[in-house]
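S.K.: Just need the whole structure built from these sequences, with the hints factored in.
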Amino acid sequence: MLDTEKLSVTEKSILERIKTVIDPEVEVNIVDLGLIYEVHHYEEEKRIHIVMTLSARGCPVGDTIIQHVETVVKAFLPDYETEVELTWEPQWTPEMITPEGKAFLNM
Amino acid sequence: MQAGLSTKNAPSPSVVLPHYAVGAIFFLTASVLLFFTSGDLANSYIGPKVLSVTHILVLGWITLIIFGALYQLIPVVMEVKLFSEVLAHISLYTLMIGTVLLSYSFWNNYIGETIFMQAGGTLILVSVILFVVNTLFSALKTKQRTYENAFIISSVFWLLLTVLLGIFITLNLVFNFVPKSNIDLLPVHFHIGITGWFMMLVAGVASTLLPMFFIAHKLNKKLLKISFYLTNIGLIAISLNLYFGKNTVITIISAFILLGGIILFVKYNYDAYKKRLRKKLDMGMKLSVLAFVLLFLSVVFGIFSALKLDILSDFSTRIKSLYGISLILGFLTSIILGQMYKTLPFIVWLKLYQDKVGKFKIPMPAHLYNEKTANLHYYSFIIAFITIFIGILLKEKLLIEISAVFFIITAGLFTFNTFKILFHKEKTEPLK
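Protein chains in written order, with numbering that gives the first Met the number 0: chain A, 0 to 106; chain B, 0 to 431.
Don't read these hints as lab results, they were simulated from the structure.
These numbers come from a predicted model, not from an experiment.
Among the hints, erroneous ones may be present.
Calculated Cβ distances over 10 Å to all of chain B for the following chain A residues [said to hold, decoys possible]:
hint, residue
1, Leu6
2, Val8
3, Lys18
4, His40
5, Asp62
Covered stretches of chain A (chain B as the covering partner; in silico rule of three or more C-beta atoms under 8 Å from a C-beta of chain B) [to be verified]:
hint, segment
6, 23 to 31
7, 54 to 60
8, 70 to 79
9, 92 to 106
For each residue, glycine too, the CB sits at the ideal point set by N, CA and C.
M.R.: Given below as structure tokens:
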């Protein structure tokens with residue numbers, strides 16, 4: 000799971016941008032849903048690397064969510080190369096939802 | 000393309016979308032014809048007009064929309080490309096024309112040796128064979144060996160068998176291949192069509208989609224595995240028994256094996272429902288949950304029908320009618336109404352907005368249809384179903400006519416929302 004305490008200021012700002020990406024099924028942003036596993040900012044290489052998952056394989060809007068993440072990060076840092084990596088390990092579970100996300104979903 | 004991400008395997012929307020439009024029109028047509036069938040339906044489940052409406056519903060409404068949905072679903076969940084988009088187009092048009100010709104023949108009681116019946120049956124057979132070839136050639140390439148997929152693939156085999164048997168029954172009337180009347184053969188045709196094709200397909204599709212929409216995890220997959228074997232074994236046993244001799248003991252044993260399979264599949268989806276993330280159900284999920292309630296009703300009447308209790312002998316025809324009605328106009332219609340709202344808006348939304356996410360302010364998939372219209376037809380559908388149920392139970396023509404009016408309202412509103420989604424014009428606003 001993502002430990003936001005270990006993120007740099009820029010990485011935290013990137014995460015805030017990714018919070019604008021909403022999962023259209025549950026209508027919760029994908030950060031609070033726990034789909035973002037890692038955010039890396041490499042200043043020397045001018046590169047942003049994000050590792051994320053989806054709530055299910057075969058998710059019909061999977062491509063769109065990933066593309067949305069790329070778009071918002073590129074819009075925020077247009078001079079950087081943005082790479083969004085999809086992983087299925089570890090498998091996402093509802094325990095990964097943040098307290099904010101759980102509050103929204105009345106969990 | 001990233002590993003394990005399969006949305007890009009989806010076929011062109013021009014393959015999938017017309018199925019939803021044509022299916023909705025057939026549902027509306029069947030609802031209108033149901034009004035004029037009310038007298039027949041009050042007394043029998045096998046009259047020419049009843050057969051006509053039944054075939055419009057099972058072929059034009061349910062099967063046709065399922066074909067379209069599977070062309071989208073198989074590539075996405077099985078992570079394979081659709082074998083041929085051309086075959087899918089031909090299959091749609093042959094099924095559409097075949098259904099019209101076949102139901103026209105039934106309506107006018109032109110059964111057997113008529114050009115409409117033969118041409119209609121042939122076109123449907125061609126359509127189904129093309130569909131079977133297309134989906135099996137796609138599905139068999141999958142590396143996703145799951146029981147959800149096994150259910151879908153086996154349902155396709157049962158569909159082929161259903162249609163071949165339907166054609167055989169028609170030809171047997173003329174050529175007498177086997178010394179069996181169509182009354183003996185029709186229950187086999189009905190059961191493998193309803194349980195083999197529809198029920199197994201719904202088991203596969205629902206067990207794939209519902210946990211995904213509910214975002215439910217840690218479900219017991221063993222339930223699906225056992226359900227898959229029980230359902231198939233039960234259905235094979237029932238079909239052979241119906242064909243060869245209707246031994247009551249075998250009927251009851253096989254009906255309970257089948258029932259065990261259905262209960263396990265329902266339990267799997269009920270667990271997903273209980274573990275759902277989003278407690279408030281949207282219209283698509285409300286209708287899908289309602290479908291499971293109606294499935295329970297079908298199972299109850301299916302058991303009564305199989306048991307043939309002496310105490311119920313006066314109600315035999317009505318029990319069979321209620322069994323068919325609760326399956327076709329209840330369970331299957333409700334799940335298709337619901338799953339339209341879970342699939343079509345996403346397909347259209349992806350087509351229009353996939354490249355615009357994050358760049359513009361865009362609507363969500365749920366904004367593509369009118370929520371109030373969907374709510375209205377949810378309630379009109381419930382009223383329609385309850386009224387037809389009581390109408391058949393009391394053999395009351397007027398109640399069946401009132402029910403048909405509510406089915407027309409349901410189908411009309413549903414068709415309105417379907418076309419509203421299909422003709423949705425792109426709406427983008429600059430990001431603030």
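S.K.: Decide, hint by hint, whether the structure agrees.
M.R.: A quick look at each hint next to the structure:
1. With a minimum CB-CB distance of about 21 Å to chain B, A:Leu6 clears the 10 Å threshold, and the non-interface call stands.
2. The beta carbon of A:Val8 sits about 22 Å from the closest Cβ of chain B, which is more than 10 Å, so the claim that it is off the interface holds.
3. Distance check for A:Lys18 against chain B: the nearest CB is about 12 Å away, which clears 10 Å, and the non-interface claim stands.
4. Listed as outside the interface, A:His40 is consistent with that label: its C-beta sits roughly 19 Å from the nearest C-beta of chain B, beyond the 10 Å cut-off.
5. A:Asp62, annotated as away from the interface, has a beta carbon of chain B within 10 Å; the closest lies near 4 Å.
6. Counting residues of the segment 23 to 31 of chain A whose beta carbon lies closer than 8 Å to any beta carbon of chain B gives 4, which meets the minimum of three for the stated coverage.
7. For the segment 54 to 60 of chain A, the assignment as covered by chain B holds, since 7 residues bring a beta-carbon within under 8 Å of that chain's beta-carbons and 3 suffice.
8. For the segment 70 to 79 of chain A, the stated coverage by chain B is satisfied: 3 residues place a CB nearer than 8 Å to a CB of that chain, which reaches the threshold of 3.
9. Counting residues of the segment 92 to 106 of chain A whose beta carbon lies closer than 8 Å to any beta carbon of chain B gives 6, which reaches the threshold of three, so the coverage claim holds.
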